[in-house]
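Now for the letters of each chain:
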Amino acid sequence: MLSSQIKSNEIVFGSCNKDLLEEIIFYGIGLGADFVEIFIENTDNSSVLAEEDFITSVSPSFGRGAGIRIFKEKKDGFVSTNDLTKNGLMRSVSQAIEMLDIKNHKKGEAFNGLNEHRDYSLSKKKWINEVPTIHEISEKLLVSTMSLKKNNKIITRKGSYSRNLQEVIIASSDGTYVSDIRLHQTVGLNVIASDAQYRSSGSRRFGSSGLPNEFRLWDHEKAANEVFESSMNMLYADYVDAGQMPVVLANKFGGVIFHEACGHLLETTQIERGTTPFENKLNERIAHESVTAIDEGISEGSFGSLSVDDEGMEPEKSVLIKNGILKKFISDRAGELRTGHKRTGSGRRQNYSFAAASRMRNTYIAKGEHSKEDLINSISDGLYCKSMGGGSVGATGQFNFAVEEGYLIKNGKLTNPVKGATLIGEAKEVMPKISMCGNDLELAPGFCGSISGSVNVTVGQPHIKVDSITVGGR
Amino acid sequence: MNSKEITTQISKAADFLNLKKWDYGASFSNDYSVQVDKGEAKQLKATQKQILTLRVWNESNLVGITTTSDISESGIKKALNQANNASDFGNNNERTDFSPLAKDPIEVKDEKKRNPVGIKKLLTILREAEVKLLESHESIKSVPYNGLSESFYERVYANSDGAFRSYTKSQAALYLYARAEEKNKKPRSSGSVKLGYGVEDIDIDSCIKDASYKTISHLNYSSIKTDKYLICFSPESFLTIINAFSSMFNARSILDGVSLSNKNSIGEKLSTEALNIYDDGLHEKNISSSPFDGEGTPTKRLCLINKGRIENFIHSESTARIFKTIPTGHAGLGSKVSVSPDWIVVEKSKENSDLKISLDHSTYEGEFVYIEELNAIHAGVRASQGSFSLPFDGWLYKNGKKISIESATVAGDIKYLLKNIVNIESSQEVTTSGISPHIWVDELSITGDA
Numbered sequence: 001m002l003s004s005q006i007k008s009n010e011i012v013f014g015s016c017n018k019d020l021l022e023e024i025i026f027y028g029i030g031l032g033a034d035f036v037e038i039f040i041e042n043t044d045n046s047s048v049l050a051e052e053d054f055i056t057s058v059s060p061s062f063g064r065g066a067g068i069r070i071f072k073e074k075k076d077g078f079v080s081t082n083d084l085t086k087n088g089l090m091r092s093v094s095q096a097i098e099m100l101d102i103k104n105h106k107k108g109e110a111f112n113g114l115n116e117h118r119d120y121s122l123s124k125k126k127w128i129n130e131v132p133t134i135h136e137i138s139e140k141l142l143v144s145t146m147s148l149k150k151n152n153k154i155i156t157r158k159g160s161y162s163r164n165l166q167e168v169i170i171a172s173s174d175g176t177y178v179s180d181i182r183l184h185q186t187v188g189l190n191v192i193a194s195d196a197q198y199r200s201s202g203s204r205r206f207g208s209s210g211l212p213n214e215f216r217l218w219d220h221e222k223a224a225n226e227v228f229e230s231s232m233n234m235l236y237a238d239y240v241d242a243g244q245m246p247v248v249l250a251n252k253f254g255g256v257i258f259h260e261a262c263g264h265l266l267e268t269t270q271i272e273r274g275t276t277p278f279e280n281k282l283n284e285r286i287a288h289e290s291v292t293a294i295d296e297g298i299s300e301g302s303f304g305s306l307s308v309d310d311e312g313m314e315p316e317k318s319v320l321i322k323n324g325i326l327k328k329f330i331s332d333r334a335g336e337l338r339t340g341h342k343r344t345g346s347g348r349r350q351n352y353s354f355a356a357a358s359r360m361r362n363t364y365i366a367k368g369e370h371s372k373e374d375l376i377n378s379i380s381d382g383l384y385c386k387s388m389g390g391g392s393v394g395a396t397g398q399f400n401f402a403v404e405e406g407y408l409i410k411n412g413k414l415t416n417p418v419k420g421a422t423l424i425g426e427a428k429e430v431m432p433k434i435s436m437c438g439n440d441l442e443l444a445p446g447f448c449g450s451i452s453g454s455v456n457v458t459v460g461q462p463h464i465k466v467d468s469i470t471v472g473g474r
Numbered sequence: 001m002n003s004k005e006i007t008t009q010i011s012k013a014a015d016f017l018n019l020k021k022w023d024y025g026a027s028f029s030n031d032y033s034v035q036v037d038k039g040e041a042k043q044l045k046a047t048q049k050q051i052l053t054l055r056v057w058n059e060s061n062l063v064g065i066t067t068t069s070d071i072s073e074s075g076i077k078k079a080l081n082q083a084n085n086a087s088d089f090g091n092n093n094e095r096t097d098f099s100p101l102a103k104d105p106i107e108v109k110d111e112k113k114r115n116p117v118g119i120k121k122l123l124t125i126l127r128e129a130e131v132k133l134l135e136s137h138e139s140i141k142s143v144p145y146n147g148l149s150e151s152f153y154e155r156v157y158a159n160s161d162g163a164f165r166s167y168t169k170s171q172a173a174l175y176l177y178a179r180a181e182e183k184n185k186k187p188r189s190s191g192s193v194k195l196g197y198g199v200e201d202i203d204i205d206s207c208i209k210d211a212s213y214k215t216i217s218h219l220n221y222s223s224i225k226t227d228k229y230l231i232c233f234s235p236e237s238f239l240t241i242i243n244a245f246s247s248m249f250n251a252r253s254i255l256d257g258v259s260l261s262n263k264n265s266i267g268e269k270l271s272t273e274a275l276n277i278y279d280d281g282l283h284e285k286n287i288s289s290s291p292f293d294g295e296g297t298p299t300k301r302l303c304l305i306n307k308g309r310i311e312n313f314i315h316s317e318s319t320a321r322i323f324k325t326i327p328t329g330h331a332g333l334g335s336k337v338s339v340s341p342d343w344i345v346v347e348k349s350k351e352n353s354d355l356k357i358s359l360d361h362s363t364y365e366g367e368f369v370y371i372e373e374l375n376a377i378h379a380g381v382r383a384s385q386g387s388f389s390l391p392f393d394g395w396l397y398k399n400g401k402k403i404s405i406e407s408a409t410v411a412g413d414i415k416y417l418l419k420n421i422v423n424i425e426s427s428q429e430v431t432t433s434g435i436s437p438h439i440w441v442d443e444l445s446i447t448g449d450a
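Protein sequences, first through last, are from chains A and B. Counting in our numbering, the first sequence runs from 1 upward without gaps. Counting in our numbering, the second sequence runs from 1 upward without gaps.
There's no promise every hint is true.
[Said to hold, decoys possible] Stretch by stretch, here's where chain B covers chain A in the computed footprint (C-beta under 8 Å, at least three residues):
| id | segment |
| --- | --- |
| 1 | 98-106 |
| 2 | 386-392 |
[Stated by the list, open to error] Partial selection, computed: residues in chain A whose CB lies under 8 Å from chain B:
| id | residue |
| --- | --- |
| 3 | V58 |
| 4 | F78 |
| 5 | I192 |
| 6 | R199 |
| 7 | Q244 |
| 8 | T396 |
| 9 | G473 |
By construction, these hints were calculated from the structure, which means they are not laboratory data. Backbone N, C-alpha and C define an ideal beta-carbon position, used for all residues, glycine too.
One chain only, chain A, in its complex shape (with noise of 0.2 Å):
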């Protein structure tokens, strides 16, 4: 039926796909699959590393290819190949109608074509020209790097910049047809200090989507100062003695805390298979009443903003706990599918051979009330976590965070540097102890690895307290 209007045998990007994509799609319709999901991506990323005084290694790279989904009823085939030709794709559909066993072949009637398109990438097909050049990039990162050489126990100085231009074409047996072009830019400064038999090591990281000209505004003096005072700060720090207290996490990349602990507790994908403690508790209390957490994909140029998620659906502000109640999951298809709890615009992958999955974006815990001092006052024998490490959730929900640039905080006052400590809990029991935020809401740009591969999300709060922690540390 369509076969008539077909005018390429292959995906050409910035050019109409329309006709063979719908082909695509009936065929797998045809074959008896409940919905197609076609995902094509054509990337062209660059990295440049810069080491002391010297650019060591510029690594460019680009690729091609397609992610084809095929559910029937709960279950869904998933197929990624280079082969971006007719019969590559066809093959693929082929492949995913197999491997789900899919025998009652039917006339396709549930595909009544592919909607108008929504192209998203018409005002940033010129993004390509105005990101910096590799030139502009490594003389600002060997300036960064300059910059971070500031006195004779500084023994390592690196600036990373990294650099993905993600161009994608969505289609779907619902009528979607979306296309668009993602921008991350991306760049971090790392220092390891040494004097005697002390050492440590400061680092920071900056990140936008979209905005072309982000990095050239990156203030690189401001980033080294911050990354070469916490390196001096922790240089001669103790290890941080363990125990349980009451602990005041830093705004910004503080927000991990929220992002592992309870973030990824709160994606369909926890219910789907029934690792989440928080599956029944919609609109039940789950945190303090202080505590009210946004998803959002739309903040400008935050790291984790999307105009469309990988499965074509615009991103929505999620408020995912108000004042302490649960009110929404994150959610893609499969998991409103399998689940019931309705798409959020969170549907996201790293590339197309992974399947989307409900993901964070820009996750953040909203501002209070209280300064900074006010929640460090109310303390008189704890730890102040300046700066977080990494972290991860287990299969049961416990949860477990790095502190890069800790404080031991005696009564009300930040006194001596501490370093070693690792914060342990689990989700359900620490919500309820965050008791006091701050007004100084800040995120901080991340890659956050799960499912779907590893993503550009924000994470972010201002200054809170938690009442009572374990601290491990010796």
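Following the hints, put chain B in place on chain A, whose structure we already have.
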């Protein structure tokens, strides 16, 4: 295009672009995997993938690189051009060259390659495994993380100097992570992973048994008091620690200033004379073995610690040249070539008279903490500083009883840990990341919430 044709294509395109010196590494793979949920297929997945990494040297002998999944004629030309452009930014201070060993003979064991069993068979096997695991104990309510996969791949290295080597391989993996629940107790979860050259080589019953035992054995748990304890590391957990701090043996890390070792650390005493550690990528038990590294250097067994002292570092071509030695077969292929270990083998040396041999995890009756598995390595290890603070699954042995530890971390310093090894048991166990016996360490800090 097959790998020979790709090499010819690259050679032609390089000639056309007047690029005299180049090399490439490539990987072509087909992967199939299944997941189930209470007897139903959940996600079935097939992936066809090709990755080509090209390096070219410009007239100033500076190297540039590009990676692509487009191996069409035009894709290869584009990649060569991009790599050539990137070579303008090549590192003048640390030059990269072909490995001098890239044409040395290699040992390729194709006889262990298996044929695909197909998605339907994978699904049937995994469904049966899930059922058996669920039936193994009434408290096991679900198997939330599970998967069975098979992969078939070819890896290639070739250069403009005539080196060409490739191998094909198959590999299968089964993982089962069960979740157990009992009234008024926290849910507990644990699991097992098994690898094989093909699905038929995987000991499925053993995977089910291990996953069930590990999960159920943690059902009766208790908090532990924060203190210093005598520790017994399982083979898996000790290998985790050694791999996390492998920068101590890594010449690249040493040159980058992120290692605890330095150029003069060969011969440094790190541990008891009873400790030997090797890297042995070609070990017969290493399912993922590769006969050559990213630069085409043959893989080989290398002693890292001999009788407690650092014996060798692992090298790429460039680090070996700087250290005035030969590459060891541990390189990746990149603009800046990374170096990493393959498969760690830990064993007791013959100089073991200082060990406390009464410390045996199956017979010792005194108090100690058994660390079964270390978690969150990426968050809790500071390799450049030598410190770690890691959550773990394990047991407290006390008064002849063992009880699972509810939630705790072990913290310390790798050099302190190695110096305080008090016993290395005789019997080695094979894990997915290497081989090791149980290792006993005195006085490490444990944080609990008792």
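Hints, verified against the model:
Counting residues of the segment 98-106 of chain A whose beta-carbon sits less than 8 Å from any beta-carbon of chain B gives 4, enough to reach three: the coverage restraint holds. For the segment 386-392 of chain A, the assignment as covered by chain B holds, since 4 residues bring a beta-carbon within under 8 Å of that chain's beta-carbons and 3 suffice. Interface restraint check: V58(A) against chain B, minimum CB-CB distance 4 Å, threshold 8 Å, status holds. Interface hint at F78(A): satisfied, since its Cβ lies 5 Å from the closest Cβ of chain B, which is below the 8 Å cut-off.
Checking I192(A) against chain B: minimum C-beta separation of about 5 Å stays under 8 Å; hint holds. With a cut of 8 Å, the hint placing R199(A) at the interface with chain B holds, because the nearest CB-to-CB distance is about 5 Å. Because the smallest distance between the Cβ of Q244(A) and any Cβ of chain B comes to about 6 Å, under 8 Å, the interface hint for this residue holds. With a least beta-carbon distance of about 5 Å to chain B, the hint placing T396(A) at the interface is held under the 8 Å criterion.
Given the 8 Å rule on beta carbons, the hint for G473(A) holds: about 6 Å separates it from the nearest Cβ of chain B.
The structure shown violates none of the earlier numbered hints.
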